[in-house]
Amino acid sequence: MKLILASVSLCLCGVAFSADTIDRIAVSVGNRVITTSELDRQIRVAAFLSGTKPDFSPAARRAMAGRMVEHKLLESEIETTHSAAPDTAAVETALADFRKRYFHSDDEYRRALAGAGLSEQDLRDELLEERALNAFIEVRFHPAVEVTEQDIQNYYRQNLAGKGVELPQVRQQIERILVDQGADREVDTWLREARRRTQIVYHDEAFQ
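Just so you know, we're using the working numbering here: the sequence shown kicks off at 86 and counts up by one.
Take the hints with a grain of salt, since some may be wrong.
[As the list claims (entries may be wrong)] The calculated label-pair distances, taken between Cβ atoms and stated as ranges, are:
id: 1; residue 1: Arg281; residue 2: Arg147; range: 42 to 50 Å
id: 2; residue 1: Glu160; residue 2: Ser204; range: 16 to 24 Å
id: 3; residue 1: Ala145; residue 2: Arg209; range: 42 to 50 Å
id: 4; residue 1: Asp210; residue 2: Phe188; range: 14 to 22 Å
By construction, these hints were calculated from the structure, which means they are not laboratory data.
Note that CB positions come from ideal geometry on N, CA and C, so glycine has one too.
Model the full structure from these sequences, guided by the hints.
Okay, here's the thing in structure tokens:
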């Protein structure tokens, strides 16, 4: 942490900046940092993609920072394991589908982006990161999940029995749901351990 702050200070030496210009560190995650501008941009991107108003309240900023910390931890593991990069063509397809679904014209889309203070590259980067994380979780955590026949039958009885579908019709869907749920638990366990072994520092002044 001291090294990070020192390097930032060195970069600023001899250059006149106002206090409002400096991009402060919001969270330090080991040797990585999340800056206040990155945090604010992530809030705007998430709101834009979900069609909601961005929330910059201290509580919302801290909640988003928590999700970004998890992403930093996973990204570090992805780099360590040299996982394959996601297909960029799929990202372009997803971006095109988003534009068609929520905007009547390209002009409307561009105006909305400008109004949100975002560029199309911001959206592209978000979609690419999302796919990279999902692909890593699929490869890293899904194989560790075991789903038994009894698990499938229990899920069917508790959630679908008497609703007009027979077990053979939905067996594969149930198995996929259970694998996804199990992978989520594996990820949560991994993240708890990653947090324990990583120095994570929230800088309170960034959340006021």
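Here is how each hint holds up against the structure:
1. Arg281 with Arg147: 42 to 50 Å: Since the Cβ atoms of arginine 281 and arginine 147 sit about 20 Å apart, the hinted range of 42 to 50 Å is violated.
2. Glu160 with Ser204: 16 to 24 Å: At roughly 21 Å between Cβ atoms, serine 204 and glutamate 160 fall inside 16 to 24 Å, so the hint holds.
3. Ala145 with Arg209: 42 to 50 Å: Distance hint for alanine 145, arginine 209 is violated at roughly 24 Å.
4. Asp210 with Phe188: 14 to 22 Å: holds (19 Å)
Checked against the numbered hints given earlier, this structure breaks hints 1 and 3; the rest are met.
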